[in-house]
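Asker: Go by the hints and put chain P onto chain C.
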Amino acid sequence: MNLTTQHEGSTLVVSVDEPRIDAAVAIRFKDRFREVTTGWRGRILLDLGRVAFIDSSGLGAIVAVLKQLEEGQTMELASLQPNVDRVFRLTRMDTVFAIHDTIPDAVRDHAD
Amino acid sequence: MRTEIGGQTPDRPPRRLSREIRFSFSSTPEAVRRALATVMDGLDTLGLDELEAGAVELVLAEVLNNVVEHAYGSGAVGWIQVTCGHDPSGLRMTIRDRGAPMPDGQLPLQRLAEPRSVASDIPEGGFGWFIIRDLARDIEYRREDGVNILGFRMAVGLPMLRN
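If you're matching them up, the sequences are chains C and P in order.
The first sequence begins at 1 in the numbering used here and counts up by one.
The second sequence begins at 1 in the numbering used here and counts up by one.
Extracted from the complex, chain C is given alone in its bound form (with noise of 0.2 Å):
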């Protein structure tokens, strides 16, 4: 599972460089989120514009470390592509997470 990292103004922009995220990476996706993003105070931007393809362990781990987040920091989401988009609509996980079309959005809006 290779998630690469990088800090846009006060944001931690975290991409998955990974077509998928299913129940055969769901655990590694947790692990390796937390890995990446331990320390770090302040927002968290999970970049999904790589991703064709989740289902309802993708989601799972995604609503997971959202609860396990460290004290301080927060998580949005970017980049959605439309079967993405259409299981976190579905099971209305669109109305837990902020969710931003693309990454400028997400950053400008931050900065507002």
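Derived from the structure by calculation, the hints contain no laboratory data.
Honestly, I wouldn't trust all of these hints.
What the hints assert, rightly or not - Here are some chain P residues the structure puts well away from chain C; computed CB gaps all over 10 Å:
1) Arg-33
2) Glu-124
3) Arg-137
Claimed, not checked - Derived Cβ-Cβ restraints for the label pairs, each shown as a range:
4) P:Gly-125 <-> C:Gly-42: 39 to 49 Å
5) C:Pro-82 <-> P:Arg-34: 45 to 55 Å
6) C:Asn-2 <-> P:Asp-49: 24 to 34 Å
7) P:Gln-81 <-> C:Gln-68: 29 to 39 Å
8) P:Met-40 <-> C:Asn-2: 15 to 25 Å
9) P:Arg-22 <-> C:Pro-82: 22 to 32 Å
10) C:Asp-31 <-> P:Arg-137: 45 to 55 Å
11) C:Gly-42 <-> P:Arg-92: 42 to 52 Å
12) C:Pro-82 <-> P:Arg-111: 39 to 49 Å
13) C:Pro-82 <-> P:Ile-139: 22 to 32 Å
14) P:Ala-37 <-> C:Arg-89: 17 to 27 Å
15) C:Gly-72 <-> P:Arg-22: 12 to 22 Å
16) P:Glu-140 <-> C:Arg-89: 44 to 54 Å
17) C:Glu-35 <-> P:Gly-73: 21 to 31 Å
Stated by the list, open to error - Listed below are several chain P residues computed to face chain C (Cβ distance under 10 Å; list not exhaustive):
18) Thr-3
19) Phe-25
20) Thr-28
21) Leu-36
22) Ala-53
23) Gly-54
24) Ala-55
25) Glu-57
26) Leu-58
27) Pro-88
28) Asp-121
29) Gly-125
30) Phe-127
31) Gly-128
All C-beta atoms in this analysis are idealised placements derived from N, C-alpha and C, irrespective of residue type, glycine included.
Answerer: Just chain P, lined up with the frame of chain C:
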């Protein structure tokens, strides 16, 4: 409310599967991944759009994940067979396994928990059957000679309606 699966494609020519898809594999998450890729490759000739193909892959993934995690359970590995045919009403899929039967011999009726504002109360699971019931049609389950047989229809790859 049920979710409409794909966009309108009024000029789509009639397409067919070159032949019925049927194969079996073992109940591991990696084998499920490969099985999904095999089915999606096999459906290529139908020319499904992105949302149609994604719905088929998602429902099949949820069904197969349930077999791996519940019918067989952790530690056990067993046989799974997928069959997929196409007719004017869409794709007809059948999944067979020799794992434990559904609880009470019935399909789970899964409702979505209300989203919570307190993070610790948000459910991490329980979405699978909700997704299946939303996107699939004509879902049927029976058990025969120790085999679970789950059938459903995906309303995709439909012929163009003519006036």
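Asker: Work down the list of hints and note, for each, if the structure agrees.
Answerer: Results of checking the hints against the structure:
| no. | hint | in the structure |
| --- | --- | --- |
| 1 | Arg-33 | 5 Å, violated |
| 2 | Glu-124 | 4 Å, violated |
| 3 | Arg-137 | 15 Å, holds |
| 4 | P:Gly-125 <-> C:Gly-42: 39 to 49 Å | 29 Å, violated |
| 5 | C:Pro-82 <-> P:Arg-34: 45 to 55 Å | 24 Å, violated |
| 6 | C:Asn-2 <-> P:Asp-49: 24 to 34 Å | 28 Å, holds |
| 7 | P:Gln-81 <-> C:Gln-68: 29 to 39 Å | 38 Å, holds |
| 8 | P:Met-40 <-> C:Asn-2: 15 to 25 Å | 22 Å, holds |
| 9 | P:Arg-22 <-> C:Pro-82: 22 to 32 Å | 29 Å, holds |
| 10 | C:Asp-31 <-> P:Arg-137: 45 to 55 Å | 37 Å, violated |
| 11 | C:Gly-42 <-> P:Arg-92: 42 to 52 Å | 50 Å, holds |
| 12 | C:Pro-82 <-> P:Arg-111: 39 to 49 Å | 25 Å, violated |
| 13 | C:Pro-82 <-> P:Ile-139: 22 to 32 Å | 24 Å, holds |
| 14 | P:Ala-37 <-> C:Arg-89: 17 to 27 Å | 25 Å, holds |
| 15 | C:Gly-72 <-> P:Arg-22: 12 to 22 Å | 53 Å, violated |
| 16 | P:Glu-140 <-> C:Arg-89: 44 to 54 Å | 27 Å, violated |
| 17 | C:Glu-35 <-> P:Gly-73: 21 to 31 Å | 29 Å, holds |
| 18 | Thr-3 | 6 Å, holds |
| 19 | Phe-25 | 13 Å, violated |
| 20 | Thr-28 | 8 Å, holds |
| 21 | Leu-36 | 8 Å, holds |
| 22 | Ala-53 | 8 Å, holds |
| 23 | Gly-54 | 3 Å, holds |
| 24 | Ala-55 | 8 Å, holds |
| 25 | Glu-57 | 6 Å, holds |
| 26 | Leu-58 | 6 Å, holds |
| 27 | Pro-88 | 25 Å, violated |
| 28 | Asp-121 | 9 Å, holds |
| 29 | Gly-125 | 5 Å, holds |
| 30 | Phe-127 | 4 Å, holds |
| 31 | Gly-128 | 4 Å, holds |
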